[in-house]
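Novice: The chain contents come next:
Protein chains: 2
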Amino acid sequence: MRAHMIGEKLQLGIVGLGTVGSGVYDALMLNQKLLEARAQVSYEVRRVAVRHLERKRTTAVAVEPEKLTTRWQDLVDDEDIDIIIELIGGTTEAYQLVRAALEAGKPVVTGNKALLAEHGSELFALSKQRGTPLYFEASCGGGIPIVQSLQTSLICNKVKSIVGIINGTSNYILTSMARKKIPFQQALAQAQRLGYAEADPTLDINGWDAAHKGLILAMLAYGTPLSPDKIDVRGIEDIEPEDFEHAARLGYTIKLLVVIKHHPESRALELRVQPSFVPEDHLLSKVDDVFNAIAVNGDIVGETIFYGRGAGKNPTSSAVVSDVVLAMRECRLTGYHTGFHTYESDDVEKAEVLAPDDTVTPFYVRFRVQRDRCGVIADIATAFSTHGINISATSSSDGAPDENGVHWNSLVFILHACRWGQLREALQELSRLNTVKDRPVVLRMETFQDT
Amino acid sequence: MRAHMIGEKLQLGIVGLGTVGSGVYDALMLNQKLLEARAQVSYEVRRVAVRHLERKRTTAVAVEPEKLTTRWQDLVDDEDIDIIIELIGGTTEAYQLVRAALEAGKPVVTGNKALLAEHGSELFALSKQRGTPLYFEASCGGGIPIVQSLQTSLICNKVKSIVGIINGTSNYILTSMARKKIPFQQALAQAQRLGYAEADPTLDINGWDAAHKGLILAMLAYGTPLSPDKIDVRGIEDIEPEDFEHAARLGYTIKLLVVIKHHPESRALELRVQPSFVPEDHLLSKVDDVFNAIAVNGDIVGETIFYGRGAGKNPTSSAVVSDVVLAMRECRLTGYHTGFHTYESDDVEKAEVLAPDDTVTPFYVRFRVQRDRCGVIADIATAFSTHGINISATSSSDGAPDENGVHWNSLVFILHACRWGQLREALQELSRLNTVKDRPVVLRMETFQDT
Numbered sequence: 174m175r176a177h178m179i180g181e182k183l184q185l186g187i188v189g190l191g192t193v194g195s196g197v198y199d200a201l202m203l204n205q206k207l208l209e210a211r212a213q214v215s216y217e218v219r220r221v222a223v224r225h226l227e228r229k230r231t232t233a234v235a236v237e238p239e240k241l242t243t244r245w246q247d248l249v250d251d252e253d254i255d256i257i258i259e260l261i262g263g264t265t266e267a268y269q270l271v272r273a274a275l276e277a278g279k280p281v282v283t284g285n286k287a288l289l290a291e292h293g294s295e296l297f298a299l300s301k302q303r304g305t306p307l308y309f310e311a312s313c314g315g316g317i318p319i320v321q322s323l324q325t326s327l328i329c330n331k332v333k334s335i336v337g338i339i340n341g342t343s344n345y346i347l348t349s350m351a352r353k354k355i356p357f358q359q360a361l362a363q364a365q366r367l368g369y370a371e372a373d374p375t376l377d378i379n380g381w382d383a384a385h386k387g388l389i390l391a392m393l394a395y396g397t398p399l400s401p402d403k404i405d406v407r408g409i410e411d412i413e414p415e416d417f418e419h420a421a422r423l424g425y426t427i428k429l430l431v432v433i434k435h436h437p438e439s440r441a442l443e444l445r446v447q448p449s450f451v452p453e454d455h456l457l458s459k460v461d462d463v464f465n466a467i468a469v470n471g472d473i474v475g476e477t478i479f480y481g482r483g484a485g486k487n488p489t490s491s492a493v494v495s496d497v498v499l500a501m502r503e504c505r506l507t508g509y510h511t512g513f514h515t516y517e518s519d520d521v522e523k524a525e526v527l528a529p530d531d532t533v534t535p536f537y538v539r540f541r542v543q544r545d546r547c548g549v550i551a552d553i554a555t556a557f558s559t560h561g562i563n564i565s566a567t568s569s570s571d572g573a574p575d576e577n578g579v580h581w582n583s584l585v586f587i588l589h590a591c592r593w594g595q596l597r598e599a600l601q602e603l604s605r606l607n608t609v610k611d612r613p614v615v616l617r618m619e620t621f622q623d624t
Numbered sequence: 174m175r176a177h178m179i180g181e182k183l184q185l186g187i188v189g190l191g192t193v194g195s196g197v198y199d200a201l202m203l204n205q206k207l208l209e210a211r212a213q214v215s216y217e218v219r220r221v222a223v224r225h226l227e228r229k230r231t232t233a234v235a236v237e238p239e240k241l242t243t244r245w246q247d248l249v250d251d252e253d254i255d256i257i258i259e260l261i262g263g264t265t266e267a268y269q270l271v272r273a274a275l276e277a278g279k280p281v282v283t284g285n286k287a288l289l290a291e292h293g294s295e296l297f298a299l300s301k302q303r304g305t306p307l308y309f310e311a312s313c314g315g316g317i318p319i320v321q322s323l324q325t326s327l328i329c330n331k332v333k334s335i336v337g338i339i340n341g342t343s344n345y346i347l348t349s350m351a352r353k354k355i356p357f358q359q360a361l362a363q364a365q366r367l368g369y370a371e372a373d374p375t376l377d378i379n380g381w382d383a384a385h386k387g388l389i390l391a392m393l394a395y396g397t398p399l400s401p402d403k404i405d406v407r408g409i410e411d412i413e414p415e416d417f418e419h420a421a422r423l424g425y426t427i428k429l430l431v432v433i434k435h436h437p438e439s440r441a442l443e444l445r446v447q448p449s450f451v452p453e454d455h456l457l458s459k460v461d462d463v464f465n466a467i468a469v470n471g472d473i474v475g476e477t478i479f480y481g482r483g484a485g486k487n488p489t490s491s492a493v494v495s496d497v498v499l500a501m502r503e504c505r506l507t508g509y510h511t512g513f514h515t516y517e518s519d520d521v522e523k524a525e526v527l528a529p530d531d532t533v534t535p536f537y538v539r540f541r542v543q544r545d546r547c548g549v550i551a552d553i554a555t556a557f558s559t560h561g562i563n564i565s566a567t568s569s570s571d572g573a574p575d576e577n578g579v580h581w582n583s584l585v586f587i588l589h590a591c592r593w594g595q596l597r598e599a600l601q602e603l604s605r606l607n608t609v610k611d612r613p614v615v616l617r618m619e620t621f622q623d624t
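Chains as they are written, first to last, in the numbering used here: chain Z, 174 to 624; chain R, 174 to 624.
Because the hints were derived from the structure by calculation, they are not lab data.
Treat the hints with care, as some may be off.
Chain copies aren't distinguished; within one or between two, either way the pair holds.
To be verified - DSS-like cross-link-like pairs, simulated, lysine-lysine; straight-line CA separation at most 27 Å:
hint, residue 1, residue 2
1, K486, K206
2, K403, K333
3, K486, K333
4, K434, K459
5, K354, K459
6, K206, K459
7, K182, K331
Take the sequences, apply the hints, and build the full model.
Specialist: So this is what it looks like as structure tokens:
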């Protein structure tokens with residue numbers, strides 16, 4: 174690796190410009206200023222190896238033709254390239270590439286789970302021997318930060334078990350079968366139409382994609398090399414709609430789980446991928462569609478669960494590009510544990526904290542009002558309307574009489590999204606009414622779809 | 174910082190031996206061989222600063238009296254101490270200690286959220302200026318790896334929002350109120366009796382504990398210093414049981430949320446802690462009791478959720494001790510991104526992967542059997558019994574006749590936990606019966622409480 178001067182640009186080489194490769198290239202180009210601020214180093218994508226020079230590209234940012242090559246060897250041989258990003262998939266060429274890059278002292282970022290499940294032990298040993306880092310967050314759980322977490326924030330734990338839903342395609346199929354009561358083949362065909370299953374879905378359905386990821390997690394958690402023949406794998410092909418009915422009756426749902434369990438008494442490791450009954454009161458049973466989740470049970474931390482999108486262009490790109498940022502930081506060896514780096518970028522340079530009055534959500538407001546007191550609803554509704562607030566729904570309920578025999582009712586208003594400032598002023602006005610008892614209970618109604 | 178030789182022991186200094194301090198000390202002593210293997214460095218706890226020398230200790234491993242001192246200055250002034258672990262809480266002495274340690278070039282591990290919310294900007298700047306790392310995973314979400322994840326695996330994302338349940342006490346109270354329909358004061362008293370709320374629960378209930386954590390997360394996500402007066406905070410004191418009824422009727426539950434949202438159009442940051450309606454179809458609504466969860470929405474990764482225990486001796490110790498391992502690794506600057514380190518320790522040295530036959534769970538088995546065929550249930554039950562498998566429940570349902578007019582029924586058996594080997598052999602035997610059609614559907618029933 175070159176010794177870098179402050180101000181010099183790190184040079185990146187990308188191998189593979191398919192779905193994930195395009196996402197990674199675009200993220201590196203479009204978020205460049207932010208990433209440079211966070212990595213505290215500037216960078217350039219120097220070369221991109223592709224299979225066919227003439228193929229139409231799907232990147233949002235055009236790749237300059239002079240950067241393209243069909244030979245990955247060109248990137249490994251280029252002395253000026255600092256970091257190699259492997260995104261070609263498969264286990265033959267990718268294996269040659271990663272070996273060659275590590276031997277050339279170039280840190281490698283990869284998300285290739287099949288490669289690491291098959292050749293991980295050897296590649297990790299080579300990485301260690303050469304002192305050249307190998308980053309692979311994207312290999313398990315897509316954008317879910319499970320690899321780093323096992324390597325850092327959870328590292329003091331003896332891992333008692335890891336139980337995960339780590340194949341989005343099979344989870345989508347099982348979710349459809351459960352909800353729509355349709356047979357396996359029909360759910361698979363739907364998933365294929367929607368792009369959630371590939372034309373050849375074999376590895377997703379027979380459990381082997383999950384098994385590859387499980388092997389990597391087990392190696393990380395127990396610091397021991399493992400090969401794919403050690404894992405017991407069954408797929409979801411046999412399950413029929415009625416199995417979901419039986420499961421529901423018993424308080425379960427059915428998920429394809431990877432289960433990694435350490436048995437301290439026998440010092441044995443249980444390692445399997447199988448469709449399983451998951452109790453409905455466990456969070457894993459709520460993980461639906463293409464989402465993934467991984468429950469890690471550590472002897473000190475207890476149960477921790479990671480949830481997110483486990484596959485797809487963007488989540489996988491997130492993991493790859495974050496690894497690239499780490500690789501760049503470590504090339505510079507700047508101390509990055511200083512809490513955070515104050516930085517300026519287009520996105521945050523003028524960031525100001527929003528005044529409470531200017532925050533906007535729907536609201537729930539509950540008043541206690543005196544029963545039989547004419548016009549109190551009209552008063553409240555008028556105050557809202559005067560301040561430009563729309564009422565979405567309202568309801569009331571009777572209360573028991575208080576010590577003076579006065580009846581107080583609960584009056585609930587659900588308000589459309591408005592500024593807190595509007596509502597605050599309306600409530601101030603209403604506080605002067607003597608028909609309203611106490612100050613009302615005001616709760617926000619959080620919306621998540623557009624956050 | 175001293176320059177370290179291979180084989181030399183890193184020297185740790187712990188300040189504070191209260192609940193978390195005791196947990197950290199015990200984890201460092203009891204898991205020492207494993208931690209040394211993972212950190213690739215050996216260590217020693219050299220000194221421990223406490224308030225009173227004579228107080229009875231709650232550590233599982235006795236602290237040698239000669240290691241104790243009442244002056245934290247002794248640790249900062251000790252040239253042989255490499256890393257300081259601050260666990261005294263508060264913002265006055267802790268502030269002096271962390272400043273002095275960073276100025277002396279000693280990396281600091283802390284979980285002090287109030288300290289970082291109040292003085293973080295200054296301490297992070299000092300850490301950067303001196304090139305001395307400051308680790309603080311334990312300051313937000315206890316054992317949940319949110320700090321490292323924002324600093325590493327999610328770093329390429331523009332954070333669109335962070336929405337979290339990050340105060341266990343208030344979440345416990347809200348969960349009790351919702352489930353038991355009891356008023357706030359009663360739920361609080363119960364939480365205090367069970368040790369989930371302190372004698373003085375003010376900061377948990379009025380939202381400020383969550384606000385401190387939210388400030389730290391916002392600083393990390395946006396790389397910008399923030400002070401506590403920037404956050405809009407409301408507590409849960411006003412909520413009454415009937416609010417949960419209204420919420421449920423509308424499809425919501427009530428949680429105390431920290432909400433951090435970036436508004437790109439106005440470049441403003443929304444920063445607030447408030448009790449809020451959470452839709453029942455969002456995972457955050459399922460986070461009950463003392464558990465915490467944090468949803469991070471990144472522009473590339475989409476929504477990722479972290480779930481676990483957000484407070485308490487063990488989860489907090491997990492985060493502190495993991496930070497200590499990172500600090501030790503970085504003191505040595507060994508490359509640790511090689512995937513995993515093959516290591517041997519008492520726990521894993523002889524770890525062998527369990528044979529599939531030896532894995533034990535309860536099972537669900539569904540047969541298709543010919544209706545009106547005498548004895549089929551007896552045959553199956555006998556096969557199970559012969560192989561030592563106990564039946565926990567059974568049910569059957571009628572099917573339609575097939576093309577030959579033969580009626581096939583579904584016969585479901587729920588089996589108590591047994592070895593897969595036992596069940597496999599029983600099923601093999603049953604496969605020879607011509608009353609059973611196809612091979613049965615066999616699913617595992619995962620148990621989570623004891624994993």
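Novice: Can you give me the call for K182 and K331, within, between, both or neither, at a CA distance of at most 27 Å?
Specialist: Result: close only across copies, 22 Å inter versus 40 Å intra.
Novice: At most 27 Å between CA atoms: does that hold for K434 and K459 within a copy, between copies, both, or neither?
Specialist: Result: close both inside a copy and across copies, 22 Å intra and 25 Å inter.
Novice: When no copy is named, should K403 and K333 be tagged within, between, both, or neither for a Cα gap of at most 27 Å?
Specialist: within (18 Å within a copy, 41 Å between copies)
Novice: Since the copies are identical, ignore which copy is meant and state whether K354 and K459 lie within 27 Å (CA to CA) inside a copy, between copies, both or neither.
Specialist: both (17 Å within a copy, 25 Å between copies)
Novice: Should K206 paired with K459 be assigned to within, between, both, or neither, using CA atoms and 27 Å as the limit?
Specialist: neither (38 Å within a copy, 38 Å between copies)
Novice: Using 27 Å as the alpha-carbon threshold, which applies to K486 and K206: within, between, both, or neither?
Specialist: Classified as within: same-chain Cα gap 21 Å, cross-chain 41 Å, threshold 27 Å.
Novice: How do K486 and K333 come out at 27 Å by Cα distance, when the copy is not named: within, between, both, or neither?
Specialist: The answer is between: 18 Å across copies meets 27 Å, while 32 Å in one copy does not.
Hint 6 from the list above is the single one not met by this structure.
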